[in-house]
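Listed here are the chains, written in short residue letters.
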Amino acid sequence: MINLRDKGASIWENWNRVQRTIFVLISITVVALMPYAGGFGPTSFLNTPISSYQAVLVYPIALFVLMGLGLNIVVGKSGLLDLGYVAFFAIGAYTMAIMGTMTSLNTWEILPFGIFFAMVAGLLLGLPALRLRGDYLAIVTLGFGEIVRIVALNLNITGGPNGVVGVPNPPPILGQKFELNDHAAYFWVILVMILLVIWMVRRFTIRRPGRAWEAIRQDEDVAALMGVNLLVYKLWSFTIGAAVGGAGGVIYASKTMFIAPDMFTFNTSILVLACVVFGGLGNIWGVILGASILGYLPERIRFISNARQLVFGLVLLIIMNVRPDGLLPRKKREKIKQKEAK
Amino acid sequence: MSALLEVKDLKVSYGSIMAVKGLSLTVNEGEIVTLIGSNGAGKSTTLRTISGLLKPVSGSIVFKGQEIAGKAGHDIVAMGLCQSPEGRRIFPRMSVRENLDLGAFLRNDKVAIEADRERVLDLFPRLRERYEQKGGTMSGGEQQMLAVARALMGAPKLLLLDEPSMGLAPVLVDMIFETIIKIREQGITILLIEQNASAALDVADRAYVLESGIIKMSGKASDLAKDEAVTKAYLGG
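From first to last, the protein sequence lines stand for chains A and B. Residue 133 is where the first sequence starts when you use the working numbering, and the numbers rise one by one after that. Residue 21 is where the second sequence starts when you use the working numbering, and the numbers rise one by one after that.
Just so you know, these hints were derived from the structure itself, not from any lab. Glycine included, C-beta positions come from ideal geometry on N, C-alpha and C. Do not take every clue at face value.
[To be verified] Here are some, though not all, of the chain A residues that point toward chain B, as calculated from beta-carbon distances under 7 Å:
| hint | residue |
| --- | --- |
| 1 | A347 |
| 2 | D353 |
| 3 | V354 |
| 4 | A356 |
| 5 | L357 |
| 6 | M358 |
| 7 | G359 |
| 8 | V360 |
| 9 | N438 |
[Said to hold, decoys possible] What the simulated footprint calls covered on chain B by chain A, stretch by stretch (three residues with Cβ under 8 Å from a Cβ of chain A suffice, anywhere in the stretch; the number is not a length):
| hint | stretch |
| --- | --- |
| 10 | 82-96 |
| 11 | 99-108 |
| 12 | 111-118 |
| 13 | 123-133 |
[Stated by the list, open to error] Far from chain B by the CB rule (all over 12 Å, computed), these chain A residues:
| hint | residue |
| --- | --- |
| 14 | V162 |
| 15 | G291 |
| 16 | A317 |
| 17 | R340 |
| 18 | A344 |
| 19 | Q350 |
| 20 | L362 |
| 21 | L363 |
| 22 | V364 |
| 23 | F444 |
| 24 | I450 |
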């Protein structure tokens, strides 16, 4: 598997711009057609026992991929263990729910607000919390995740335990309607977001913030000795991660039309974190693969009802033992370049 | 000669334990000054405080005429005070190139950065050979060279070296100390911390002896090297 990836990377290195563009466009088209993959006789096995394959593809899979990529910026790139990531997802979702039911703004107009509020929350949490390190940060973020849920549980505006009902679906874009059961349309919207996040992460990685994050992840003290402003770059990582979570929350609320506090428990934070670690901490493609598998698997094996969690846990245990760095670990570009030099 | 760094009555503590108890030292422009002392004397604590990683309890640190005590680390680096930390803490999963890039993290002057890169690679030809290799896969000596080279990439006025000879073979220790002299010849002032007192006193102009957080002695390095008390305690004879 390792050789396969290195080989893929070296093929990619040897391609010119046109070849790369064509490859990327074909890949995106193939992924965009995925909602239809379960519609044929032989592939109908993709449909899970309770939900249709298309529904599962949107939530959990696509949204987990999106959140996984967002959390990967925080945990994978900068090494900040965030155990309350679901809080940002919840803030995005509640922004959509409250503004969608109380104002005449539509989903696309609310989206920037959802992202903005999630970022503000990230900043407010990050300012005090990011002065802490390692385990301490993890505990504070865990607490934050719970606080957001409990606040939503107790406020009137969030509907308390009943949540918010009647959240409007998004209005059409380019003639594409977004009805409750129009799963493919939601999938495409989330796919666009995922592509944007991938593009953003890749740009950051080769620029100053990416280098700062990598330095912080490897050795915080020494990063400071290199002149890296620890708090500023950690806050960047944290708020960008929060923004992605918030965006996911807006789409989620707008799709399901109903949200309640029990959708945003600690379990979700852990599951998204599991996607990141399972797939390969710090590697975009690993995270995508991990989130796809961990999103799909629990739905697929729903027929064994009670043993479901057990089997799911076993799969996690086995894979993490066989591949402790995740399915697709961080890439080793240097290695390839070094070979070329020789 | 003017004072580039002036530390006055510096006190640093970890919780209730006072590690540095009123330390004063001066580094003049163009000098190599060494701070020697045994394990736990407070040498690294002093250096970490000067670099802004630790906040002092009291005292002042004046660099280039400005008070820097309690300032954030990145502001201090920006002023031209760079440190090569103890224990060769290079970024293990970054290549030599990436490590050097990070040394120049705060700089935007591309041309000057490339010139400095050539300069440090000339200083440590070994690093040129290992240019694309991951830092963590190199030998101890190479890692130490990288740690010093990385600090030089910040274009320091004052270079702080924390135990550059620690854990190295004698041949490499000589090589590192020869390089320290070459670095000074390029106009960089150096504050060197060492347990290897004899080697440090050899290259330094002046020296301070630190014991349990207090400066016990100070003076010209050549004088201290002959001092009976110093010889007995630190030079093994």
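Hint by hint, here is what the structure shows:
{"no.": "1", "hint": "A347", "in the structure": "5 Å, holds"}
{"no.": "2", "hint": "D353", "in the structure": "6 Å, holds"}
{"no.": "3", "hint": "V354", "in the structure": "5 Å, holds"}
{"no.": "4", "hint": "A356", "in the structure": "4 Å, holds"}
{"no.": "5", "hint": "L357", "in the structure": "5 Å, holds"}
{"no.": "6", "hint": "M358", "in the structure": "5 Å, holds"}
{"no.": "7", "hint": "G359", "in the structure": "3 Å, holds"}
{"no.": "8", "hint": "V360", "in the structure": "6 Å, holds"}
{"no.": "9", "hint": "N438", "in the structure": "43 Å, violated"}
{"no.": "10", "hint": "82-96", "in the structure": "holds (count 3)"}
{"no.": "11", "hint": "99-108", "in the structure": "holds (count 3)"}
{"no.": "12", "hint": "111-118", "in the structure": "holds (count 6)"}
{"no.": "13", "hint": "123-133", "in the structure": "holds (count 3)"}
{"no.": "14", "hint": "V162", "in the structure": "33 Å, holds"}
{"no.": "15", "hint": "G291", "in the structure": "44 Å, holds"}
{"no.": "16", "hint": "A317", "in the structure": "42 Å, holds"}
{"no.": "17", "hint": "R340", "in the structure": "8 Å, violated"}
{"no.": "18", "hint": "A344", "in the structure": "7 Å, violated"}
{"no.": "19", "hint": "Q350", "in the structure": "5 Å, violated"}
{"no.": "20", "hint": "L362", "in the structure": "8 Å, violated"}
{"no.": "21", "hint": "L363", "in the structure": "8 Å, violated"}
{"no.": "22", "hint": "V364", "in the structure": "8 Å, violated"}
{"no.": "23", "hint": "F444", "in the structure": "31 Å, holds"}
{"no.": "24", "hint": "I450", "in the structure": "27 Å, holds"}
Violated hints, in rising order: 9, 17, 18, 19, 20, 21 and 22; the structure is consistent with all others.
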